[in-house]
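Undergrad: In order, the protein sequence lines correspond to chains A and B. Mapped onto our numbering, the consecutive letters of the first sequence carry residue numbers 1 to 631. Mapped onto our numbering, the consecutive letters of the second sequence carry residue numbers 1001 to 1101.
Honestly, the hints are just simulated from the structure, not real lab data. The reader is advised that the hints may include incorrect statements.
Now the in silico label distances, taken between C-beta atoms and shown as ranges [unchecked claim]:
id: 1; chain 1: B; residue 1: E1073; chain 2: A; residue 2: L600; range: 50 to 58 Å
id: 2; chain 1: B; residue 1: R1095; chain 2: A; residue 2: G585; range: 21 to 29 Å
id: 3; chain 1: A; residue 1: L593; chain 2: B; residue 2: Y1007; range: 54 to 62 Å
id: 4; chain 1: A; residue 1: L600; chain 2: B; residue 2: L1078; range: 33 to 41 Å
id: 5; chain 1: B; residue 1: Y1007; chain 2: A; residue 2: L617; range: 18 to 26 Å
id: 6; chain 1: A; residue 1: L617; chain 2: B; residue 2: R1002; range: 29 to 37 Å
Because the structure is a prediction, the values reported are computed rather than measured. Idealized CB from N, CA, C, for every residue including glycine.
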Amino acid sequence: MIDVIWLAVALPLVASGANMLAGKRFGGRGAGHRSGWVATAAMTASFVVALGALLQLLSLPAEERTQVVTVAEWIRAGAVSVSFDLRVDPLSITMALVVTGVGSLIHLYAIGYMEHDARPWRFFGYTNLFCAFMLALVLADDFLLLYLGWEGVGLCSYLLIGFWSDRPEAASAAKKAFITTRIGDVALMLGLFVMFMHFGSFEFDTVLGHEGALPEIATGTATAISLLLLGGAVGKSAQLPLHVWLPDAMAGPTPVSALIHAATMVTAGVYLVVRSHALFEVSEVALTVVAIVGISGALYGGLASIGQYDMKRALAYSTMSQLGFMFLAAGLGFYPIAIALLVAHAFYKALLFLASGNVMHGLDDEIDVRRLGGLRLDMPWTAALFAAGALSLSGLPPFSGFFTKDAILEVASHDGVVWAYVLGSLAALVSAWYIARLFFQAFMGERRYQGHAHEAPALMRIPLVVLAAGGLFAGIVLAFTPEGRLATFLEPTLGHIEEGHAGPSTATLIAISVAVTLAGIGIAWRLYRPANEARWTSFPEREPGMSAVLGRAFYVDALYGFVVGTIGLRAGEALSRFDRTVVDGAVNGIGRLTTWASGLAPVWQSGRARRYALSFLAGGAALLLFMVVRI
Amino acid sequence: MRTPIAYFLVLSAILFAIGSVAVLVRPNALRIFMGVELQLNAVNLTLVAFSRMHLELDGQILAFFSMVVAAAEVVVGLAIIVAVFRRTATTDVDRASVLRG
């Protein structure tokens, strides 16, 4: 199956084209519309191809598990030659399986979720296109193809956030996402330029070195490239300071939030850092920056999530926080754990988003937790599934979060990186706090909504059950210890984690981590239990200081609004005045001068014969004079 | 004793100057015409004078050509003047200035 891995990219692409060109004629009504089934079938087929490639990869000895499949030549210009190569190695196939596996489930779910939409074929055309680009991104064997996928997923993200383009907030959120991530993309592009100047190639083997050999590059250049790549990753993965687009991106349909803004696209940044870890390692500085970006994102996202009443926004900040953990792991050099968390997070965060999608579906798009409550009574399935996702995320053993997120803290402590351990534990406390809060507020207590919330149909529950199973148990299966199955599988690409022996023993750390998680849940219960309902349901009227700060996510958006909207606007107005007076003045002045000068010419051509005669005479005389003088 | 060439040239220059002044200062088309004829003949005189000085016939032949062309020019010029006169009832060349830019 490795030889035909290009099918994994091609199938969603073809299905996307079919849906966008002819989806309207596929027929069927509501959930029976065939466009959704075509899209899901393509994703499932793509998943099967990736699975086949995985099995074939597993049958090979560990050192031969990096296969490059040349599909076609892409660019040939002078000394530059870029071919359309797909790389099948443990890392890329893991990512491809996440994209296609979680992607298939979300597509299946979306068939039910989008049943009332007028144009489902457009939706599925975009999501399939997204998956094709995402697979190109993760399967690419050179940075240029990776960049193609990178920009492609950005485009699809824009199209899907703004899918309900008749809603102004969706349209502006789409623009915000596109422009904010573009800032990071420019950094990435510059990074690629520097890379090409130095290596003369975009290929992974040339740039990143192969078979354990580090790339031959000066530390300074490596730092420059790494930091520019990190700039791209920060934009795509919504880390500080380019995170502002992610919460607004929730204006898109919920399956999009689950697929693009939780499970796959936003993890592209983590993938990029992990993939180019060799460059980051040459430059120690860049790796430290990655860790700092990660831990600040983890804390910031977690704290901001506590203040959100919109369930999807809270989950968006939670995604940011979890991505922060992944960056922290990558920055500390624990690449396999970063990927393990990425995989587990893809499961449980998609699950959480889709569960909140069920709430929206059943309650006419109500998503504000102040007007929810008691949902477990009407939607027991959804409540149970959300609880499963919350348990996985919060990090209670034996669920995924514990084996992935807390593994980062454990290894950090063993390596003696105390600051990462302490701040990470704080972020873990906040994580348990915010996710438990959401559950208590939305699903516990009494109903605070009008009417009856209907439970989601089976079509929208089955994918969630699979995701829940993945979310709960992916950790124990894949990463029982930091050197678990996934880490062993990834070893040919990512190397071995050398775990130190500093700090307290593993057992103590586990006890601390469980205590921290329980403390988070306890705080949430104390603050948000149904008995305290009155304290937070009436916040719009009397929002206390700290909650306002958290709810506005530390006023970063307001700060950007001030910088761009006020200072930027003033500067723009000043420049515009300069343009109107000085630049336009010069241009128009030249125009006026020409008009005036051309007004002088007719004076010469007076139509009076005698003046012409005089001109003749003067000209003849001048000619004679000239000849005389010359001789 | 031959008449020195300078005499001819001075006379020719005087004639040419008179003709030029007539062309430039007189508004009447016919007088302008006469001025032009005077200029042409001044040039013819120069040609003939040089021809005599060099003892060659080229200059005299050219003078004949010049006279023939001048005669043809008079025919065309008078026809134009008549046409203008019929239209505007004047021979004042300054009035015929519709071709100004």
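Undergrad: Evaluate the given range 54 to 62 Å for the C-beta pair formed by L593(A) and Y1007(B).
TA: holds (55 Å)
Undergrad: Does the Cβ-Cβ separation between R1095(B) and G585(A) fall within 21 to 29 Å?
TA: violated (45 Å)
Undergrad: Is the gap between the beta carbons of E1073(B) and L600(A) within 50 to 58 Å?
TA: Roughly 33 Å apart at Cβ, these two residues miss the hinted range, so it is violated.
Undergrad: Between L600(A) and L1078(B), does the C-beta distance stay in 33 to 41 Å?
TA: holds (36 Å)
Undergrad: Using the beta carbons of Y1007(B) and L617(A), state whether their distance is inside 18 to 26 Å or not.
TA: holds (24 Å)
Undergrad: At the C-beta level, are L617(A) and R1002(B) separated by a distance inside 29 to 37 Å?
TA: Taking Cβ atoms as reference, L617(A) and R1002(B) lie about 32 Å apart, which means the hint holds.
Violated hints for the displayed structure, listed by number in ascending order: 1, 2.
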